[in-house]
Amino acid sequence: MASLDDIVRNFPDTDWSAAPTERAPTTHVEHLLEAGHVLCFPHLVFALSVEEQRFLTPAISDGKAKNISLRDDGSLRGAAGNPQDQTELRDIIQRFSTQAQHLVDRLFPHYRGKLR
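For the sequence shown, the numbering used here assigns the number 1332 to the initial residue and increments by one for each residue that follows.
Keep in mind the hints are simulated off the structure, nothing from the lab. Certain hints may be false.
Unchecked claim - So the derived label-pair ranges between C-beta atoms look like this:
#1 K1395 - V1360: 13 to 23 Å
#2 N1341 - F1427: 19 to 29 Å
#3 R1408 - T1429: 39 to 49 Å
#4 L1363 - A1411: 17 to 27 Å
#5 G1367 - A1431: 14 to 24 Å
Virtual Cβ for every residue (Gly too), placed ideally from N, Cα, C.
Please construct the entire structure, taking both the sequences and the accompanying hints into account.
In structure tokens:
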């Protein structure tokens, strides 16, 4: 049986860039994922400003949905708050989505355009 160290692969990346850089060196790791490995990026941080950190509370949930998300049309679902707060929260989630897509494009170029 494989040990956790054999399954989890750690990578040094500190940047979400879509193109390889010194801070984002990992590319083309489809084979690891397809072989059942877990890819871990312990130094890859999604940064929130001090002002944005106010959204890190259960109080931002509308209590009707299991999570807060963006729909395909860009509308925010599951969040409470005034229109300005909802716009800021939507922008944060969209920023995360964009960064995550860049990371996926770099790590798994063979899947580009095939994932949703």
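Right, here's what the structure says about each hint:
The given range of 13 to 23 Å is broken by K1395 and V1360, whose C-beta atoms sit roughly 38 Å from each other. Separated by about 22 Å at the C-beta atoms, N1341 and F1427 satisfy the suggested range of 19 to 29 Å. In this structure the hint that R1408 and T1429 lie 39 to 49 Å apart at CB is violated, the actual value being about 18 Å. The given range of 17 to 27 Å is broken by L1363 and A1411, whose C-beta atoms sit roughly 40 Å from each other.
For G1367 paired with A1431, a C-beta distance near 21 Å keeps the hint of 14 to 24 Å intact.
Checked against the numbered hints above, the structure breaks hints 1, 3 and 4 and satisfies the rest.
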